[in-house]
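Chain residues, written in single-letter form:
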Amino acid sequence: MTLPARINTDPEHVERGLAGLVVMLIDLVRELMERQAVRRIEGGSLSAEEIERLGTTFMKLERRMEELRREFGLDDDDEEDLLHAFAAGPLPGTPAGTDPRRPLSEW
Amino acid sequence: MNDDVALVDLLDRLLGGGVVIHGDITLAVADIDLVHISLRAVLASVEALTCPTSTP
Amino acid sequence: MPYVYAVTEPGTPAPPGLRVVEAAGLAAVVGDHDAPAPSVDALWRHERVVEGLMERGPVLPMRFGSTTHDVGALLEERHAELTTALERVRGAVELGVRATPDPEPAASGTEYLMRRARTERAHAALAEFARASVARPHAGAYLVDRDAVDAFRARVRELDERLTCTGPWPPYSFVAA
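Chains as they are written, first to last, in the working numbering: chain A, 1 to 107; chain B, 108 to 163; chain C, 164 to 340.
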């Protein structure tokens, strides 16, 4: 999941925008750890039992991340929802108070 | 551009990539911009901080 | 507020309906309209403008929705970073590689890591054919010389038929150092 350019928290959904940031950071650390585990496996420095244990832990973490995404409504695959999630709030640089969703006649 | 492009490919690039003007992510509360975060700086720091353990 | 599509070299002709601002040895392609709401159509319209520019020379795509009061100041303040980036991408395009997710979850921890290992190896193999690469959990992005694109695509097919290669894209993933 990539983050929107702007995370605008409002009282109704305070945790949602920030949760996206947290989920992304956890995913990043998870990815780094998995990549490192793969390097260790290819370097031959892990036993079969250690590999299985590491892999199972990562699987559990992946499942937990999916649960977190569902809890915070970040798991939507619907096109419109994805777009809104990516671009929450007025776009950067849009003057405050203007409605960014009005259609443009030039287009 | 071929036919296999999925929405995620477009979103990743147009909304997650490219040159940014105000910092990668702007955190706002009630429409008031408060913090600009450079995500690349954060990612680079995480990469730099996670020193790989040595392999024998 | 002017809407910025991309940063290019001076002397870039303005696409229809748009104009070019030149400063600090760079050029910015600009539209005099507000940022549109981020619909799929609006994203593709932005993308088409940037792709058109890509035909003519190196281009640094702006993120969708980028507007600024003073385009000249943007170019002047960041001219070092932007000039370096323009040279980094000259003569190259971005290709994306995505893996179709496995239909079944891994049956064991070991299988999970073996799958990751295969993805890592594929990424490393493809990175060798690119000037630069970025690996994300769900996809890889590669900065590939224009005349090496077909060879790269062939390499993707050879590696794993479950890999999907998209592009050529303007170099969205390679604008920063």
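Quick caveat, the hints were computed from the structure, so don't treat them as lab data.
Cβ coordinates follow ideal geometry from the N, Cα and C atoms, glycine included.
Some hints could be false.
Label-pair ranges, simulated between beta-carbon atoms [what the hints assert, rightly or not]:
id: 1; chain 1: A; residue 1: Arg30; chain 2: C; residue 2: Arg294; range: 22 to 30 Å
id: 2; chain 1: A; residue 1: Gly44; chain 2: C; residue 2: Arg241; range: 43 to 51 Å
id: 3; chain 1: A; residue 1: Leu61; chain 2: C; residue 2: Arg208; range: 33 to 41 Å
id: 4; chain 1: A; residue 1: Gly44; chain 2: B; residue 2: His143; range: 42 to 50 Å
id: 5; chain 1: A; residue 1: Gly43; chain 2: C; residue 2: Val203; range: 38 to 46 Å
id: 6; chain 1: A; residue 1: Gly44; chain 2: C; residue 2: Arg208; range: 18 to 26 Å
id: 7; chain 1: B; residue 1: Leu114; chain 2: C; residue 2: Asp323; range: 21 to 29 Å
id: 8; chain 1: B; residue 1: His143; chain 2: C; residue 2: Asp323; range: 23 to 31 Å
id: 9; chain 1: B; residue 1: Val142; chain 2: C; residue 2: Glu291; range: 36 to 44 Å
id: 10; chain 1: C; residue 1: His232; chain 2: B; residue 2: Ser145; range: 16 to 24 Å
With a straight-line cut-off of 25 Å between C-alpha atoms, the simulated SDA-like cross-links for lysine to any residue are [said to hold, decoys possible]:
id: 11; chain 1: A; residue 1: Lys60; chain 2: C; residue 2: Glu283
id: 12; chain 1: A; residue 1: Lys60; chain 2: C; residue 2: Ala248
id: 13; chain 1: A; residue 1: Lys60; chain 2: C; residue 2: Arg261
id: 14; chain 1: A; residue 1: Lys60; chain 2: C; residue 2: Arg284
id: 15; chain 1: A; residue 1: Lys60; chain 2: C; residue 2: Asp265
id: 16; chain 1: A; residue 1: Lys60; chain 2: C; residue 2: Ser202
id: 17; chain 1: A; residue 1: Lys60; chain 2: C; residue 2: Trp207
id: 18; chain 1: A; residue 1: Lys60; chain 2: C; residue 2: Glu250
id: 19; chain 1: A; residue 1: Lys60; chain 2: C; residue 2: His232
id: 20; chain 1: A; residue 1: Lys60; chain 2: C; residue 2: Ala295
id: 21; chain 1: A; residue 1: Lys60; chain 2: C; residue 2: Ala302
id: 22; chain 1: A; residue 1: Lys60; chain 2: C; residue 2: Arg299
Earlier hints that do not hold, by number: 6, 8, 12, 16, 17, 18, 19 and 20
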